[in-house]
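In the order they appear, the protein sequences are chains A and B.
Numbering follows the UniProt record's numbering, with no gaps: position 312 of the first sequence is 312.
Numbering follows the UniProt record's numbering, with no gaps: position 182 of the second sequence is 182.
Please note that a few of the clues may not be correct.
Claimed, not checked - Some chain B residues close to chain A (C-beta under 7 Å, calculated; not the full set): (1) Thr38; (2) Tyr68; (3) Thr135.
Said to hold, decoys possible - Simulated crosslink set (DSBU-like; lysine-lysine; CA at most 35 Å straight-line): (4) B:Lys157 - A:Lys54; (5) B:Lys183 - B:Lys48; (6) A:Lys64 - B:Lys48; (7) B:Lys157 - A:Lys107; (8) B:Lys33 - A:Lys240; (9) B:Lys48 - A:Lys240; (10) B:Lys74 - B:Lys50; (11) A:Lys107 - B:Lys50; (12) B:Lys157 - A:Lys227; (13) B:Lys48 - A:Lys186; (14) B:Lys74 - A:Lys64; (15) B:Lys48 - B:Lys74; (16) A:Lys240 - B:Lys180; (17) B:Lys124 - A:Lys227; (18) A:Lys64 - B:Lys124; (19) B:Lys124 - B:Lys74; (20) A:Lys585 - B:Lys183; (21) B:Lys180 - B:Lys28; (22) A:Lys208 - B:Lys124; (23) B:Lys183 - B:Lys107; (24) A:Lys64 - B:Lys157; (25) B:Lys157 - A:Lys240; (26) B:Lys33 - B:Lys157; (27) A:Lys240 - A:Lys585; (28) B:Lys50 - A:Lys240; (29) B:Lys124 - A:Lys107; (30) B:Lys48 - B:Lys124; (31) B:Lys33 - B:Lys112; (32) B:Lys28 - A:Lys227; (33) A:Lys54 - A:Lys208; (34) B:Lys112 - A:Lys240.
Source of the hints: derived by calculation from the structure; they are not laboratory data.
Note that the Cβ used here is the ideal one computed from N, Cα and C, for glycine as well.
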Amino acid sequence: MRRFGFALMTWLLALAALPALAQPAAQDNLSVELIAETDTPAPGSTVTVAFVAKPDPGWHGYWKNPGDAGLDTRLDWTLPQGVTAGELRYPVPTRLLIAGIMNYVYKGSYTQLTTLNIPAGLAPGTALPISVRADYLVCTDEICVPETENLTMQLTVGDGSITPERRARFDQWRRTFPKPLGSEAKFAVADGMLRVAIPFPANVPLGKDAYFFPQTLDAMTYAEPQKITRDGDTLLIEAKAGITVPDRLEGVLATGDREGFALTAVPGTVSAATSGAGGAAIDWSAALLALGGALLGGLILNIMPCVFPILSLKALSLAKSGTSEAHARAEALAYTTGVVLVVVALGGLMLALRAGGASVGWAFQLTDPRVILFLLLLVLGIALNLAGLFELMTPKFAGRLASGGSGGAFMTGALAAFIATPCTGPFMGVALGAALVLPWYIALLIFLGLGLGLALPFLLLGFVPALRRMLPKPGAWMDMFRKILSIPMFLTAIALAWVLGGLKGVNGMAVGLIVALALAVALWIAGRRQARGTGTGPAWAAAALVTLAGIWAVAAIEKPAAAQASTGAQPFSEARLADLRARNKPVFAYFTADWCVTCKVNEKGAIETDAVRDAFARGGVTVLVGDWTDGDPALGRFIERHNRAGVPLYLWYPAGATEPQVLPQLLTQGMLTGLTGGK
Amino acid sequence: MHRLIPIAAATLAALAIPAAAQQANGQKATDFKLTDATGKTVQLSDFKGKTVVLEWNNPGCPFVQRHYEGNMQKTQAAAKAGGVVWLTINSGAPGKQGHMTGAEAQKWVGEKKATPAHYLLDPKGVVGKGYAAKTTPHMYIIDAAGVLRYQGGIDDKPAARVEEMGAARNHVLAALNEMKAGKPVSVAQSTPYGCSVKYAG
Chain A
1 MRRFGFALMT WLLALAALPA LAQPAAQDNL SVELIAETDT PAPGSTVTVA
51 FVAKPDPGWH GYWKNPGDAG LDTRLDWTLP QGVTAGELRY PVPTRLLIAG
101 IMNYVYKGSY TQLTTLNIPA GLAPGTALPI SVRADYLVCT DEICVPETEN
151 LTMQLTVGDG SITPERRARF DQWRRTFPKP LGSEAKFAVA DGMLRVAIPF
201 PANVPLGKDA YFFPQTLDAM TYAEPQKITR DGDTLLIEAK AGITVPDRLE
251 GVLATGDREG FALTAVPGTV SAATSGAGGA AIDWSAALLA LGGALLGGLI
301 LNIMPCVFPI LSLKALSLAK SGTSEAHARA EALAYTTGVV LVVVALGGLM
351 LALRAGGASV GWAFQLTDPR VILFLLLLVL GIALNLAGLF ELMTPKFAGR
401 LASGGSGGAF MTGALAAFIA TPCTGPFMGV ALGAALVLPW YIALLIFLGL
451 GLGLALPFLL LGFVPALRRM LPKPGAWMDM FRKILSIPMF LTAIALAWVL
501 GGLKGVNGMA VGLIVALALA VALWIAGRRQ ARGTGTGPAW AAAALVTLAG
551 IWAVAAIEKP AAAQASTGAQ PFSEARLADL RARNKPVFAY FTADWCVTCK
601 VNEKGAIETD AVRDAFARGG VTVLVGDWTD GDPALGRFIE RHNRAGVPLY
651 LWYPAGATEP QVLPQLLTQG MLTGLTGGK
Chain B
1 MHRLIPIAAA TLAALAIPAA AQQANGQKAT DFKLTDATGK TVQLSDFKGK
51 TVVLEWNNPG CPFVQRHYEG NMQKTQAAAK AGGVVWLTIN SGAPGKQGHM
101 TGAEAQKWVG EKKATPAHYL LDPKGVVGKG YAAKTTPHMY IIDAAGVLRY
151 QGGIDDKPAA RVEEMGAARN HVLAALNEMK AGKPVSVAQS TPYGCSVKYA
201 G
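With the rest of the complex left out, here is chain A:
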C-alpha cells in the first residue's frame, strides 16, 4: 500500500512536471503508420490512405463513437493545393466494459481508411507532400493518454498503379470494415427503450456475440445489455434509449470479430419482441388443435413409402410371434419409446439451435449431405434385404431390426422415426413452423404428438389382441409381400439421391450412386456367401468400408454456385464481362449477398421470374452474378466504381454501349423485361 502510494504519487508528479503536449517518446503507447495504396496517384483520381495504428499490449484505441468515455480520432490535414481528404472510416470495433462504463474500442492493431482526392490536370511528376496531425486517445483499463502523431508521406502524380503487395495489404484491412447492409432499418423509441428492426435474412448465421454499435451519439445507453431477437428476416435489437431521439440512427451490427454491417435506421414502427415463454396469452385451444393435427400427421406418416415397409414387417413379426399378451405389449411400448424419443430429440435439438440464434427448419439434419448419404445407403440396404438379396441371419445389431425382442422393437421405432423425417418435411413443414412460434414446451408437446401418431398403429396392435388376430395368417405369401415392399424402399432411396443432388449437385449425386452400387455389390457378395454357407465377415466389412468412404467422398464434393442452378446466371468476373462486351453481347450483371434482404427480394420478385428469364433469353442477354457474401475486396472495388458502397447493384450493359446503366436498387419485372424491349 505504502509503496504503491509512493509510486503513484511519483508518477503523478512526473506527469504534472512535464509540459502536457511535449510527452517524451517513452509515453508513446500507440504507433501510427500512414500509407497510401499507391505512391503515384493519377490526376483526377482518388487514392485510399491507411492509418495503421498499433497500440502497445494492454492499450486500446477508440471507435468513431467511443462509448461512455474516450475520444475518436481527430485529423488535421496539410494538403497541397486542390487535394482534399474524405471522412475517416473505422473498422468494426469491440466492446470493453469497465466497472459499468462502456467503451467501444480496438484492442490490438487496427487500421482506419480514408481517401484523398487528387485534382485533375496535374502534370505527372508533380510532388504531393502530405502531412497530417492525428490526435488519438489511447487507454488501458486504468489510464488514458492523448497522443499526437505528426505523420507525413510523399506522393508523386503518376499513373495510379498499385503493387500487388500493397493491394493485398489494403484488401486485408478492407475486410475488417463493416459492409453496407444494403437494406434500410427502422427504429422507434418507446417506454425508454430503443428498438431497431434490421432486415437480416433468417438463414444467415449470427455470432453469439452479435452487438449493435450505435454511431449516432446519445441515442442509446451503452452500458445496458442489448437484447437481440430474430423474427424471420428481421433482427430486432432492444436497448435502453439514450438522452436524445435522433432523426436517423447510424451504426454497425457486429456479427463476429472485425465482421459486421453498416446500417442506417429511419424512424418507423417497431414492435417489441414477443417474449418466448410469456405464458399469459397461450391459446390452449390452438395448442390442442395443433397437438391433434400432429397426432394425425404422425399417423399418416405410417403409410409413407419410407416407413410403411418397416412397420408392416414389424407388425407381421408380432402376429407371427403371437404368443403372450405381455410380450406383445412390451414390444409395442418399446417401439413407441423409440419413435417418440427420436422425434422429441430432433424437435428439442431444433428448438435449442433456434434459441441459440441458428436458423433451422424441421428435417434440418437433411441439409447435411453426409446424413443424406448414410440414410440413402441404409434405405438401400433395407430395400435389398427386403428384395431377398441377402439375409440378416445373425441376431446382432442390424439383425435385431426385423427380429423380436424389446431391444429390437426400440431400435425399429428409432429407425422408423429417423427415416420418416424426409417424408415429414414437405407435409408437416407449415404445421411445424407454426409450432415453433409457440413456447418451447408447447412445441415439444407437438413433437410428442407427432411421435405418438407415428407409433399409434403398432401400439394398438400390441394392446388389442383382436386387431392382431385380424392380421393375415403367416404363410408363403409373406415372402412375396416382403419383396413387393422393397419397391417403396427403393423409391425412398431414389428420393434421397435426389435430395443429395440438390445439396451437392450432379457430381455429388453421381458419387452417391456409385457408393450405393458398391454397397449393393458388397451386400450381393454377402448374400451369395450366405447361400453357400461360407463366412460373410469380409463382405460385411467391405459394406461398412464402402459406407464410410462414401460419406467422406460426398462431403468433399464442392457444391456448385446456387445462382447458376436457379437462373442460368454465370459467376461474375471482370474478365468474363470484358469478353462479353468485346463481343457486343448485352449483359445484365447483378451483385448480391446472402445477408442482403433487398437483394433477395429483387431476385425472387424480378430477376428469377419466368417473364424476366424469357425476356433475357429472347434478347440474348448474358446474366452475370457477383456474390459479395464474404465481402471480397476485388468485387467491392468494382461495386465502388459504380458509386455504390455495397450490394445490391444492378448493371445493364446494352449491346455495344460503352458505359453500363446503373439500375435502381428496387427492381420490378417490367423494368427488366423492358430492357430488351427494343429487340
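Starting from the known structure of chain A, arrange chain B on it as the hints suggest.
Here is chain B on its own, set in the frame of chain A:
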C-alpha cells in the same frame, strides 16, 4: 522527494443513494453525504437555498489536467463569485488512477490553486454511481430547490487540445448564467467526455 504517508482511507458514510441510477433533469437530485479532504462530513442538503455544482475529478486523467491548466479554476472562480457552492468529487477506487487520500487531495487542490468549497472523497464510488458519473470531468448543476438542472460535459470541445479551450462553449457557466437570469437552461444535457471514472471492480 517527499515521503508521502498514505492515510487510512477516510470513512465514508453515504446516505440514501440507490445502487446505480441516472439522475433526471428537472427531478430532485438524490441527497448524499461524503467526507471531504479535511475529514469533514458534507451533505448535499446542507446547501439548500444555494446552487451547487458537482465536478467529477481524477487528477491523473489528461483531460482533467488540461482543464486544470486554468480553465477549471476560472470556472470555479466565476461560479463562486455568483454565490454557487462547488463540490469536486473523486470516485477513484484505491489502487486506481487518480485515487487520493485526504492529505493528497488537499495538497493537490493547493498546488492547482483550485477553489472548490469541498473536495469530496468517494473511494467506493457510491455517489458516482448514484449520479451515473461516467467521465472525468463530468458536471452536474443542482438549483437552490435541490432540483437537477444540468448534467454533462464541461464544454462542447471534446478534444484534448489546450489551444482550443478558448473557443469552447462552457456549458456550466452558460447554464449558471441562464439560471441566474431566471431563464430555462438551453443546453441541459450533453455528452460528457474524458477518461472513464475509475470505479472499484
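Here is what the structure says about each hint:
no.: 1; hint: Thr38; verdict: violated, 19 Å
no.: 2; hint: Tyr68; verdict: violated, 9 Å
no.: 3; hint: Thr135; verdict: holds, 5 Å
no.: 4; hint: B:Lys157 - A:Lys54; verdict: holds, 26 Å
no.: 5; hint: B:Lys183 - B:Lys48; verdict: holds, 20 Å
no.: 6; hint: A:Lys64 - B:Lys48; verdict: violated, 41 Å
no.: 7; hint: B:Lys157 - A:Lys107; verdict: holds, 26 Å
no.: 8; hint: B:Lys33 - A:Lys240; verdict: holds, 29 Å
no.: 9; hint: B:Lys48 - A:Lys240; verdict: holds, 33 Å
no.: 10; hint: B:Lys74 - B:Lys50; verdict: holds, 20 Å
no.: 11; hint: A:Lys107 - B:Lys50; verdict: violated, 46 Å
no.: 12; hint: B:Lys157 - A:Lys227; verdict: holds, 33 Å
no.: 13; hint: B:Lys48 - A:Lys186; verdict: violated, 46 Å
no.: 14; hint: B:Lys74 - A:Lys64; verdict: holds, 31 Å
no.: 15; hint: B:Lys48 - B:Lys74; verdict: holds, 24 Å
no.: 16; hint: A:Lys240 - B:Lys180; verdict: holds, 34 Å
no.: 17; hint: B:Lys124 - A:Lys227; verdict: holds, 30 Å
no.: 18; hint: A:Lys64 - B:Lys124; verdict: holds, 31 Å
no.: 19; hint: B:Lys124 - B:Lys74; verdict: holds, 29 Å
no.: 20; hint: A:Lys585 - B:Lys183; verdict: violated, 72 Å
no.: 21; hint: B:Lys180 - B:Lys28; verdict: holds, 19 Å
no.: 22; hint: A:Lys208 - B:Lys124; verdict: holds, 34 Å
no.: 23; hint: B:Lys183 - B:Lys107; verdict: violated, 38 Å
no.: 24; hint: A:Lys64 - B:Lys157; verdict: holds, 15 Å
no.: 25; hint: B:Lys157 - A:Lys240; verdict: holds, 26 Å
no.: 26; hint: B:Lys33 - B:Lys157; verdict: holds, 32 Å
no.: 27; hint: A:Lys240 - A:Lys585; verdict: violated, 55 Å
no.: 28; hint: B:Lys50 - A:Lys240; verdict: holds, 34 Å
no.: 29; hint: B:Lys124 - A:Lys107; verdict: holds, 28 Å
no.: 30; hint: B:Lys48 - B:Lys124; verdict: holds, 25 Å
no.: 31; hint: B:Lys33 - B:Lys112; verdict: holds, 25 Å
no.: 32; hint: B:Lys28 - A:Lys227; verdict: holds, 31 Å
no.: 33; hint: A:Lys54 - A:Lys208; verdict: holds, 27 Å
no.: 34; hint: B:Lys112 - A:Lys240; verdict: violated, 39 Å
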